[in-house]
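Student: Residues per chain are reported as follows:
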Amino acid sequence: MSKFKMHILVCGGTGCHASESDMLLDNLKTIVSDKGLDGEVQVIATGCFGFCEKGPIVKIMPDNTFYTQVTPADAREIIEEHIVKGRKVTRLLYVDPENKETIADSKHMGFYKKQLRIALRNCGFIDPENIDEYIARDGYEALAKCLTEMTPQQVIEEMKKSGLRGRGGGGFSAGLKWEITSKSVSDEKYVVCNADEGDPGAFMDRSILEGDPHSVIEAMAICGYCIGAAFGLVYIRAEYPLAIDRLKIAIKQAREYGLLGSDILGTGFNFDIELRYGAGAFVCGEETALIHSMEGLRGEPTVKPPFPSVSGYYGKPTNVNNVETFANVPVIINQGAEWFASIGTEKSKGTKVFALAGKINNVGLIEVPMGTTLREVIYEIGGGIKDGKKFKAVQTGGPSGGCLTEKHLDTPIDYDNLVASGSMMGSGGMIVMDEDDCMVSMAKFYLDFTVEESCGKCAPCRIGNKRLYEILDKLTQGKGTREDIDSLRNLSHVIKDTALCGLGQTSPNPVLSTMDNFMEEYLEHVHDKKCRSGQCKALLQYIIEPENCVGCTACARNCPVNAISGERKGVHIIDQATCIKCGACLEKCKFNAVFIK
Amino acid sequence: MGQVKSLADLRKIKEDLQVKMSLREKSNNPESLVQVKVAMATCGIASGAKQVMDFFIDEFDKRNIQAVVTQTGCMGYCFAEPTVEVTLPGQEPVVFGYVDAKKADDIIEKYVKNGELVEGIIPVNYQTIEKK
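Quick mapping for you: the protein sequence lines, in order, are chains A and B.
Residues -6 to 590 (the working numbering) are what the first sequence spells out, left to right.
Residues 258 to 389 (the working numbering) are what the second sequence spells out, left to right.
In isolation and in its complexed conformation, chain B is listed as follows (with noise of 0.2 angstroms):
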């Protein structure tokens, strides 16, 4: 993408992004695609994020899913990492606390492979900013 020249080009910009964005949250072939955000602050990656993180790019691929995978700052659920928020196709997203190969093993084969939770979810209690 070239230089952001103007106002104008800025927001034409912003508006191209989201509906790529919303492309990737709401894809026209809902079956297919997964979202994984992984929690990649100084916190998680000490906790092993990078390995998690690696884990779940590695094994979309092997397991045949079609699934996105990238990284984020701290959610701000320190004492839980690594964790992860997995957003299944028209699904609210869901964030899971102390990932390990393990769990995110289980995250694949149960929740997005069968939609069935796994242990350590973490209740999202925040608000954010509500559009004007």
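This is chain A alone, in the form it adopts within the complex (with noise of 0.2 angstroms):
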């Protein structure tokens, strides 16, 4: 039916439009259609590649030729040559940098390496409410395989050989969690499913829930099976509203098809799954926290030990892994530990999802083989920052994270390499900041979360934090002094110590992180009262230029405060005390004559 016999695709994002894509698109255009092809070879922009550094990119189908570094010039030699007489433009094929061989086929390359699907390898493929399209792509394979072929054993030896660790954010190997519990000697055990994903901007375990409900139930029946349990409870937020239906429905289904209840595939093994509803408090992502407030009681953390692989859902044994963590195990279990443990850096094994967001251009979920670097997330994934601004810092681990700078972009990202970055993994949100945010304003931003957050039980979070915010806050008004830096560090340094569980113990992180790399920021606002980035509004002063002010009133009339003063064609004066900085002025005058200081 169609009538198209090839695809011109040449990348319209920012960085190629940077360098000429634009005037190459209208090239080729002009010359598709002298040649008379137009009804048979179509030219059209397309979203960005990812592959920046290489670009303009042209790809043509539907052989997959991918050419980079493409100029308006080479518009005429690619379709007289490639078009119309089927031979590539060898000059103009990617390069492999490693083996200097011209590589044609897209699907070779190395940048489309960089992304690597594991955990979200069914998410935006199957049909999420329907169980077959995931039997149809391995589905419940693996649970077959370790049920009649392997004992829970050999499963947790594997598991262990894998390396692969919590993807929640503390990063304990998953395998050594699972061998502790099966250890533990009870009657009843507990298989959980942490799903209270609570930091700001992250949203890969919804994605994973909503996407691929199945391999999450899956891997519960796995673990279910390693530790002696026949019980699952996934605790899951009830601000997710369709991951809790889709995964209502693939429990029906799983249970319609007997991959769940009594006797699984005939081998004996009992083991249901039911949901826990959780009220979207940050503190029960804490998995003693989480274990209190599925039993009814309030989300306190509890001192550890006793770890919940000894003592956890109502006093019997109780492993908790994270959504993510559990999407990977069907893939370790049929494609093998060794397989998996290929995949990262040293010490930390597979891939990790991020969600992207803040001042990115593609903003949305991906999933990295560990070790890549931030630039590489950042620039050839992410697509750059917005606007073409400049990059300043990205906050990984949400409010118990840290930022990290132009001088980390080039660190590989794995567990251990974040933490001595001064940041953590954390669950993987990513929050992209560019020069027009205001380093103090974000630390602020969290504590105010953490200030929510804090359950009160211990008084190092209930009131530290909150003197933290106070004076976070003064800074911002303008109104901090030396010594109020000072006491931000020392009382950062005392939550750490002294609070009762990891909320609290990483809540200063992100003062004590954005200290760490924009002091001057911090005593810009003290000593100058001057806020960079211009977020602070307190800091910001409207002026009025006296040379190229013409005393035409349409400040003075706008002004919602009457703060501006002035006659009729004389020089016009903004009152600082009265004004409230609502920007009318600026937007209102016509000669360039308000300014910001």
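Hints in this document: simulated from the structure, not taken from any laboratory.
Computed from a predicted model, the values in this text were never measured in an experiment.
By construction, the Cβ of each residue, glycine as well, lies at the ideal position given by its N, Cα and C atoms.
Be a bit skeptical, because a hint or two may be false.
[Said to hold, decoys possible] Below, computed lysine to aspartate or glutamate pairings styled on EDC-like, alpha-carbon distance capped at 20 angstroms:
no. : chain 1 : residue 1 : chain 2 : residue 2
1   : B       : Lys319    : B       : Asp363
2   : A       : Lys52     : B       : Glu342
3   : B       : Lys262    : A       : Asp265
4   : A       : Lys28     : B       : Glu373
5   : B       : Lys262    : A       : Glu134
[What the hints assert, rightly or not] For the chain A half of the interface with chain B, some residues (derived, Cβ under 10 angstroms), not all of them:
no. : residue
6   : Ile50
7   : Arg110
8   : Ala129
9   : Gly259
10  : Val324
11  : Asn355
12  : Val361
Two chains, two frames, some hints: make the complex.
Tutor: Structure representation (structure tokens):
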């Protein structure tokens, strides 16, 4: 039915656009119609290919030829040689930097390998409400393999060998956790899936549950088999209604197929799953608080040990893993621990899903092998910073993490490197900030979050964080002193050392990390009463430049608080005490007389 | 389908399903069957994926085009929601971003009927697990 025989795709992303891809597009279109190929060859601009360093990119379909660094002058050769005569333009093909071979087919190019989807393997591919599609993609095969061909100990060994570490943030070895729980002696044990994803800007777990719920169900059953549990619970926040619906459908279908319930696959193994809803408290992502919440108690953490692996849900041994951790399990069983361990860095194996948010062009969900650099994630996969602004920092690990700056751009991302750089993996939220973001305000934002979310059980967290917030607020109001900066640091260390659980122990991290990396901004807020990003409104001053002011009165007429005075045709003045910094005068002035200091 | 009783059962079901799914992909009647997948995670639905999916189902019906419209999870291109993956018979899938009813209409009229691409294509830039 297709009349078009060939398509020429030209990258229209910001990077390629900057290197004349629009002219290239025009040239290609003109030459195509000159040759009378209008009805057969279509030229079209696409979104970013994520290969901006070799841009502009041109891809020819259906033969998947991939040309890099194409200039507008190359258009004629591409059409005359490739399209008309069917000969590829070798000099424009991508050359593999390692073995110097030219690669014509984009599927073999290194940059495609930047993203590898393991946990997200079925997301956006199968219908999450149809178990058949999951089974057709090797679904439940890992469970069957474990139940019929492997002993629990063998499965645990395989998990340990794979090097899979907890994806919820801490990075504890999943296999080891399973082993400890399996060794705890008890008449009953539990498998818990932690789907209480609470970091601002993180949505990996939600997407997995919405896109591939069966992968988590299958992995929980495998875990149950290993540790000797017959019952699993998914603790999911009630703010995730769609994920809850899809999980419910998936559990129902698995029961109908006999993949959950009693005597699974005729092996005598029993396992079933129920859901428990959380009210969206951040602290309930901490495993002891999560277990208390499931028991119907207040979501407050308790001191570890005892670890849940020994005494968890109703005092029984409980294995708590995060959604993404579980989503990796079936693949490890199917493909083998060695395969999994071949991906990633020495101590962090496999891939990690990140939710890219903030001032980045391609906001979305990505999955990269451990060891990928921040630069690759932000510039190649994320398409760079919005509106061509300058990169300033990226916040990882949510309110418990820290920020990474330009000097960390080439650090390979894994658990240990992130900690060494003063941040942490966390659950995988990455919030990208540009030059318009104020780091003091950023720290204040996270403290505001922690103050809201503190359960109030211990004083360092309940009172200390509130004080931290107040000091930060004072700085952004331009009322800070040098002593405030010292107290910020001291108080942060006290809270870190004395708080009861992970929430309090990590809540000062955004403050400490921004102070380490952006001390000059803190000092400017204190000494110069200045915010270089212009985000702290209280520190801005709108001023009228007398030389440019013609006395048109436009600003005075539009000022909502009558802060501007001046005669008609005379120079106007803004009264700083009355000014509310709304910016109306700046907007209305036609003579560039109003500026921000 | 009944209960799955053993590994052999599961493998058999899988094979049957794979045949079914590949039939859907490589239909005997390659002129007719078009596959459309609509990304229906929270991000997609919030930007109108439900309406887009309904539109595709209704319009394929009205315009007498045989097509399978299914939902799927998040493709990861949250910046360009709603996203839709269209696979024409015998061709590689193409992902279109920022799809509203008007764009959906364009996709049906231009791409599905004519093989002509429309603006808003998102190049796929990831690798999936290769079977051992």
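Student: If a hint holds in the structure, say so; if it doesn't, say that too.
Tutor: So, going through the hints one by one against the coordinates:
no., hint, in the structure
1, B:Lys319 x B:Asp363, "holds, 15 angstroms"
2, A:Lys52 x B:Glu342, "holds, 18 angstroms"
3, B:Lys262 x A:Asp265, "holds, 16 angstroms"
4, A:Lys28 x B:Glu373, "holds, 18 angstroms"
5, B:Lys262 x A:Glu134, "holds, 13 angstroms"
6, Ile50, "holds, 8 angstroms"
7, Arg110, "holds, 5 angstroms"
8, Ala129, "holds, 4 angstroms"
9, Gly259, "holds, 5 angstroms"
10, Val324, "holds, 6 angstroms"
11, Asn355, "holds, 5 angstroms"
12, Val361, "holds, 9 angstroms"
Violated hints: none; the structure is consistent with every hint.
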